[in-house]
Structures are given as structure tokens and as C-alpha cells.
Amino acid sequence: GAVVSQHPSRVICKSGTSVKIECRSLDFQATTMFWYRQFPKKSLMLMATSNEGSKATYEQGVEKDKFLINHASLTLSTLTVTSAHPEDSSFYICSAGSTGLPYEQYFGPGTRLTVT
Amino acid sequence: GQQLNQSPQSMFIQEGEDVSMNCTSSSIFNTWLWYKQDPGEGPVLLIALYKAGELTSNGRLTAQFGITRKDSFLNISASIPSDVGIYFCAAKTGANSKLTFGKGITLSVRP
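Line order of the protein sequences matches chains A and B. If you count the first sequence from 1, you need to add 28 to reach the numbering used here. Read in the numbering used here, the second sequence has 88 at position 99, and its numbers run on one by one without any break.
Since the hints were derived computationally from the structure, they do not count as laboratory data. The reader is advised that the hints may include incorrect statements.
[Stated by the list, open to error] Derived coverage of chain B by chain A (criterion: at least 3 residues anywhere in the stretch with Cβ under 8 Å from a Cβ of chain A; other residues may be distant):
hint: 1; stretch: 22 to 35
hint: 2; stretch: 85 to 94
[Said to hold, decoys possible] Quick list of in silico lysine to aspartate or glutamate cross-link-like pairs, EDC-like style, CA-CA up to 16 Å:
hint: 3; chain 1: A; residue 1: K69; chain 2: B; residue 2: E30
hint: 4; chain 1: A; residue 1: K48; chain 2: A; residue 2: E87
hint: 5; chain 1: A; residue 1: K70; chain 2: B; residue 2: E30
Using N, Cα and C, we set each Cβ at its ideal position, and we do this for glycine too.
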């Protein structure tokens, strides 16, 4: 299957700082990437849909100024958590949708963010 | 928001047994997907289904896309310890549309 990478896999930051998470599709082009947040023992919660070359579409209740998304190329999307607070601590997962068949979504390995 | 229905939340089986998981929706979807997630990892795609009535296998896994396009099931045959994990069903309406997820079923396999 297609490979999606995320970097970093784990990050610890202080309250008030910003953290950038990268999502890359390694062997396919992705016009659309998705960012999810997952709480312990819960399902994935979609935060935003990122389209290459255009503004991201945020889900209801997700602050776009706090979670900045940039999809600069067909293989890279970034999520920046600005002015992080402890309640932003979570598991963040991206997925990438291929441009060609079979149009599947492949997930990255996730990034564990801990804000102290 | 909209969500797929998966239950029970947890399943416990003996190694070697078969297990079946169901996923239902009140809405019609055009693609159904089954993912497995291990702790601390991202979900891994197991099987994708594109046509109503389609039955697809991947090794010991078999999944079917319901004829009404409102449900799907996943069968795991002859379970082994590494089948332990959380199994999510997901579905979408269009090629690059967002996925709707179930809550997941945590599978435990007793040796």
C-alpha cells in the first residue's frame, strides 16, 4: 500500500509555543490530505481537509487560527499548533488521498503531542 | 456529527476462532473501508470495497459491501495473537470526500 510519513513522531513542548507537524506522501501524489485528532480509546476526529494550493476546510468547532494548515505541494501538508496549551495534547494523525485510482486514504503513523 | 455504528465496543475471542464485525449506517455510502489500528500507530487499510454486494478477501480477512450500501461486515478467520487491535470501519460518498468513521471495536485474542 501507499506510504505516508509524519514527522515528528513525538513532541513535547511548553505551553505557549508553537509546534509544526509534517505529513508526507512518499510514493504517490495527494491532492487532498486530512488531519485528524484522536483521544485515548476514541475514534478519529476529523479536524480539517487540506487541498493542495488552496485554503484548508475546517470542521465545525476547530479553530483555524489555532491549527494552521498548509498544503504547499502534492506530497506535503503541515499542521501548526499555535500557542499550544495542555488541552491540545493529543495524538494527531494525517491521511493522504491519492490522485489516481483507487482514491484511497492512507494514514500516517501519527504524532503524539504533549504540551507541558 | 454523522457516524457509523459499530458494536460491541470490545470483543474477546480464543486464538484460532473466527470473528465477524458489522458496521451499519442510516445513510448510503459508495465506498466502505476497514482499518486496523495498533496502539500508538496510525490506522492501516485492510480492505476497501467499491461496489454494492462486493465480497473481497485479503488473506484471512474477508469483507462485504452491503447490497443496500448502508452496511459492511469484516470476517477474520483462524485468529492469531497479532490480530489484536482496534478495527475501524469507515465510509465515504465520493473519491476524495472525507471519511465517516465508526467508533471502533477492540479485539482481544486469548492464546
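We went through each hint and held it up to the structure:
1. 22 to 35: holds (count 8)
2. 85 to 94: Coverage by chain A holds for the stretch 85 to 94 of chain B (7 residues, Cβ < 8 Å).
3. A:K69 / B:E30: Holds. A:K69 to B:E30 sits at ~13 Å (cutoff 16 Å).
4. A:K48 / A:E87: violated (20 Å)
5. A:K70 / B:E30: holds (13 Å)
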